[in-house]
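Enquirer: Sequence:
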Amino acid sequence: MLKFFDRYWKVLTFPPIIFLIFCSVVLILNAVNTGYIIERDIELKGGKIITVEADADVSFVQTLFPNAKVTKTTGLRSSLLIETGFEDDENKIIATLKENNITGETSIRTVGPALGEVFWQQTQLAIIAAFILMSVVIFILFRSPVPCSAVMLAAATDMIGALTLMHFLGIELSLAAIGALMMIIGYSVDTDVLLTTEMLKSTEGEPFERICSAAKTGLTMSLAAIAVLSAAWLVSNVFVIKTITAVLLLGLFVDIPATWLTNAGILRWWKGDAKKS
Numbered sequence: 087m088l089k090f091f092d093r094y095w096k097v098l099t100f101p102p103i104i105f106l107i108f109c110s111v112v113l114i115l116n117a118v119n120t121g122y123i124i125e126r127d128i129e130l131k132g133g134k135i136i137t138v139e140a141d142a143d144v145s146f147v148q149t150l151f152p153n154a155k156v157t158k159t160t161g162l163r164s165s166l167l168i169e170t171g172f173e174d175d176e177n178k179i180i181a182t183l184k185e186n187n188i189t190g191e192t193s194i195r196t197v198g199p200a201l202g203e204v205f206w207q208q209t210q211l212a213i214i215a216a217f218i219l220m221s222v223v224i225f226i227l228f229r230s231p232v233p234c235s236a237v238m239l240a241a242a243t244d245m246i247g248a249l250t251l252m253h254f255l256g257i258e259l260s261l262a263a264i265g266a267l268m269m270i271i272g273y274s275v276d277t278d279v280l281l282t283t284e285m286l287k288s289t290e291g292e293p294f295e296r297i298c299s300a301a302k303t304g305l306t307m308s309l310a311a312i313a314v315l316s317a318a319w320l321v322s323n324v325f326v327i328k329t330i331t332a333v334l335l336l337g338l339f340v341d342i343p344a345t346w347l348t349n350a351g352i353l354r355w356w357k358g359d360a361k362k363s
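So the sequence shown is numbered by this note's numbering: it starts at 87 and just counts up by one.
Misleading hints may appear alongside valid ones.
Said to hold, decoys possible - Cross-link-like lysine to aspartate or glutamate pairs, in silico, DMTMM-like; alpha carbons within 20 Å at most: (1) Lys184 with Glu203; (2) Lys184 with Glu169; (3) Lys131 with Glu203; (4) Lys158 with Asp143; (5) Lys158 with Glu203; (6) Lys178 with Glu191; (7) Lys96 with Glu292; (8) Lys302 with Glu290; (9) Lys131 with Glu191; (10) Lys134 with Asp92; (11) Lys131 with Asp143; (12) Lys287 with Glu176; (13) Lys89 with Glu292; (14) Lys178 with Glu203; (15) Lys287 with Glu258; (16) Lys96 with Glu295; (17) Lys158 with Glu292; (18) Lys89 with Glu258; (19) Lys131 with Asp174.
Hints are computed from structural coordinates only; laboratory data are not their basis.
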């Protein structure tokens, strides 16, 4: 297996880049068609969330409110979450539920469109600021444009790839999801810095041997995180925790090839391995 990666490293550099281009096209088409790269949660667009502590069939409730999003959380108590537009009358929704014998302790959370838009603008600024600060730190650390660009490319691939997979899986962009996306930047930089440091500052062995040395630690970190997050996703019934763990898992799955195929390939080329092979 290692011989395969060593022999075809040039070819293997490109699949994550092709994936990045595909994901970018998908998100751009979403933005052109809908105005947003991905469907946003009520927290970012405004609306109402009606929570009813009741154990009811989600499909049946969805037929009662075809224009709403109905989900169910389970745990010590089962609850229905009904997400509706800001203009919808919550009293009518609650009355309809009672008519169908769906009753329980009810809470209503309202987010105005203006407030949701403010949240959306602030999150965009936060992500941009995170990338800028990351770039500054990476440049200070390595002081070379090629390794810095490779790290930034991997981080961008992780985030854009995770957003696209969220779109295909129907995971809406929420404050919890954005927090997870910010954490993905940290996960990405961890493995990329590990790889880049090994390639630039280590003098032992050939470039591929240095990559393998870094991969032993980096892949162990990633696989351990995937195992923990998978367990949390399977065990937890809290919607926010499921969202965070799902987004982090998507980012980690994208990060592995982005780091150990594309970033490693760029660094091998930069170190002159392309001329030798």
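Enquirer: For the pair supplied as a hint, Lys158 and Asp143, is the alpha-carbon distance within the 20 Å limit?
Expert: Cα-Cα ~9 Å, so holds.
Enquirer: Assess, step by step, whether the Cα of Lys184 is no farther than 20 Å from the Cα of Glu203, and give holds or violated.
Expert: violated (33 Å)
Enquirer: Does the structure keep Lys178 and Glu191 at a Cα separation of 20 Å or less?
Expert: holds (16 Å)
Enquirer: Below or equal to 20 Å on CA atoms is what counts here, so check Lys178 against Glu203.
Expert: Distance ~26 Å between Lys178 and Glu203 Cα, so the pair is violated.
Enquirer: Hey, Lys131 versus Asp143, does the alpha-carbon distance stay inside 20 Å?
Expert: violated (27 Å)
Enquirer: Going straight from one Cα to the other, do Lys89 and Glu258 come out at no more than 20 Å?
Expert: violated (41 Å)
Enquirer: Straight-line Cα separation of Lys184 and Glu169 no greater than 20 Å?
Expert: This hinted pair holds, its Cα atoms lying about 17 Å apart.
Enquirer: Tell me if the straight-line CA distance from Lys131 to Asp174 falls inside 20 Å.
Expert: Distance of about 14 Å is within 20 Å: holds.
Enquirer: Taken at face value, is the distance from the CA of Asp92 to the CA of Lys134 at most 20 Å?
Expert: This hinted pair is violated, its Cα atoms lying about 54 Å apart.
Enquirer: Lys89 and Glu292: Cα distance at most 20 Å?
Expert: With Cα atoms ~14 Å apart, Lys89 and Glu292 stay inside 20 Å; holds.
Enquirer: Is the Cα-Cα distance between Lys287 and Glu258 20 Å or less?
Expert: violated (42 Å)
Enquirer: Does Lys158 pair with Glu203 here, judged by a C-alpha cut-off of 20 Å?
Expert: violated (26 Å)
In terms of the numbered hints stated before, the structure departs from hints 1, 5, 9, 10, 11, 12, 14, 15, 17 and 18, listed from lowest to highest.
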